[in-house]
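Assemble the whole structure, with the sequences as input and the hints as a guide.
Those sequence lines, one after another, are chains Y and C. The first sequence lines up with residues 1 to 297 when you count with my numbering. The second sequence lines up with residues 1 to 203 when you count with my numbering.
It should be emphasised that the hints constitute simulated quantities derived from the structure, not laboratory data. Don't take every hint at face value.
Claimed, not checked - Straight-line alpha carbon distances no greater than 30 Å define the calculated BS3-like cross-link-like pairs of lysine-lysine that follow:
# : chain 1 : residue 1 : chain 2 : residue 2
1 : C       : Lys64     : Y       : Lys88
2 : Y       : Lys88     : C       : Lys60
3 : C       : Lys150    : C       : Lys195
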Amino acid sequence: MLAEGSILDHVSDSPWPGCQIVIAGMRITWMSSAIASMLLVAVVLCVVLLLSRRRASVVPHGMQNAVEAVVVFVRDMVARPALHSREKMDRFLPFLLTLFFYILGMNLIGLLPLNGMSEFLFGRRLLGVTPTGVLTICAALASITLVTLIVCGCRQAARRYHENTGRPIALGLVLSPWLWFRSLSPRIPGATGIILRYPLAILEFIGAIAKCFSLMVRLAANIASGHILLAVIMMFTVDAFTAAFRDQATHVFYVGPLCVLFSVLVGLLELLVACLQAYIFTFLTAIFLGLYVESEH
Amino acid sequence: MSRLPISPSKVSLPLVFTAAILCIPTCASAADKSIPYPGDLGQAIAALLIFAGLLFVLGKWAWKPILSLLHQREESISRSLDESTRREQEAKDLKGLYQARLGAVEEEAGDIIAQARKEADAAGRQIINAARIEAKKKLSCAQREIDEAKAEARRELSQMTAKLAVDIAERVVARNLDANERSRLIEDSMEEIRKNMTDAQNE
Chain Y
1 MLAEGSILDH
11 VSDSPWPGCQ
21 IVIAGMRITW
31 MSSAIASMLL
41 VAVVLCVVLL
51 LSRRRASVVP
61 HGMQNAVEAV
71 VVFVRDMVAR
81 PALHSREKMD
91 RFLPFLLTLF
101 FYILGMNLIG
111 LLPLNGMSEF
121 LFGRRLLGVT
131 PTGVLTICAA
141 LASITLVTLI
151 VCGCRQAARR
161 YHENTGRPIA
171 LGLVLSPWLW
181 FRSLSPRIPG
191 ATGIILRYPL
201 AILEFIGAIA
211 KCFSLMVRLA
221 ANIASGHILL
231 AVIMMFTVDA
241 FTAAFRDQAT
251 HVFYVGPLCV
261 LFSVLVGLLE
271 LLVACLQAYI
281 FTFLTAIFLG
291 LYVESEH
Chain C
1 MSRLPISPSK
11 VSLPLVFTAA
21 ILCIPTCASA
31 ADKSIPYPGD
41 LGQAIAALLI
51 FAGLLFVLGK
61 WAWKPILSLL
71 HQREESISRS
81 LDESTRREQE
91 AKDLKGLYQA
101 RLGAVEEEAG
111 DIIAQARKEA
121 DAAGRQIINA
131 ARIEAKKKLS
141 CAQREIDEAK
151 AEARRELSQM
161 TAKLAVDIAE
171 RVVARNLDAN
181 ERSRLIEDSM
191 EEIRKNMTDA
201 QNE
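Rendered as structure tokens:
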């Protein structure tokens with residue numbers, strides 16, 4: 001299985017048969033292994049979190065302990081240091097928690113052997129591809145961050161405009177993109193400030209887009225590279241066994257155990273990377289929200 | 001001041017559509033057939049829709065109760081800590097008060113014991129003095145009685161001796177005695193004197 005085709009096939013998504021349409025020359029998949037994995041993650045998250053909430057008590061026990069540990073981690077280690085104010089933290093915490101659990105779930109589902117199981121049972125990879133290893137899904141996640149920070153930044157700018165000038169909030173909302181764009185530039189006194197205001201605002205805006213782009217690339221590259229490395233190591237084992245049967249080569253006796261050991265170690269590393277990338281994505285999103293929504297720099 | 005609340009249900013759909021539009025360039029560039037299939041707009045839209053659905057469901061039914069429970073617990077712990085600090089302070093104050101009272105009571109007890117000891121010493125000395133006086137009194141009384149008894153005994157003895165001497169003389173005068181009778185008479189007389197003396201002593 002591993003030896004067939006490109007090694008990248010192992011980490012790429014496979015659409016379900018007949019689940020693709022072409023609109024204006026653009027291919028659109030409405031059901032694939034990655035989409036099925038995402039749906040599974042969503043269902044598991046809903047069941048686990050709603051169940052833990054249903055049995056919640058002031059003194060935590062069972063699953064509530066685990067869920068609350070992660071929630072407290074996101075609140076104290078991600079939202080609080082990045083968002084500074086209590087009001088902002090309360091506002092964005094549900095968004096950050098959902099993002100963290102969603103990405104973590106998508107990263108972890110790729111570590112389960114669902115891919116091979118579905119291929120064994122149905123002859124196709126219907127489920128189990130790591131969604132965060134798919135570039136367009138990471139682009140969607142990064143877009144969520146970008147849209148959130150622009151929308152919330154504009155709302156904040158409109159609110160500030162309304163508070164400072166006393167003019168209607170509707171006018172503030174209409175002008176909010178322009179107000180937010182202007183507020184991106186740092187305040188420099190004198191003629192230099194006037195000259196540099198808009199170039200700096202443009203640079204800041206490009207910086208915001210670049211930061212979200214880096215979020216996409218970082219997540220996709222880290223998750224895909226781990227899977228590719230794991231696949232390469234496991235392919236060594238398969239190749240060694242194939243050579244042993246075909247050419248009576250003896251190197252399988254030392255290559256095989258080494259590859260198994262390394263694949264276990266890389267599997268553990270992947271587990272760490274899955275948690276780490278979820279944390280990094282959420283933390284950077286929180287930092288960008290703190291940076292661009294407050295607009296005090 | 002007008003509020004601009006960000007509720008998951010209000011932001012979910014606009015967010016999805018805007019993000020989907022932003023994903024189009026990535027999806028278009030990823031549509032190249034020469035590399036392994038990297039996904040398309042369908043996956044991006046699915047990811048956004050699922051995220052929006054999760055944000056709506058979890059934001060409404062999971063995060064709100066969980067966060068409020070956490071907040072409630074933290075407040076309860078904070079209240080308990082404040083309460084325990086207050087109680088500790090109260091206990092310290094109470095301990096100080098009791099220690100002060102205990103000191104006062106110990107001091108009072110010491111005073112009472114010292115006073116009692118003093119009084120007991122005085123009473124003891126008084127009793128001893130009284131006993132000594134009484135003993136002296138009894139001793140002098142006994143001495144006087146002894147002296148009186150001694151004088152009485154002497155008086156009686158002298159009277160008895162005189163009487164006896166008179167009786168002996170009468171007997172000697174009334175009879176002519178040989179040597180044996182004389183000695184027997186003397187012996188009898190002596191015996192009688194001894195007996196009288198013994199009787200007198202017994203009395």
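*When the hints from earlier in the document are held up against this structure, which numbers fail?*
Of the numbered hints, all hold.
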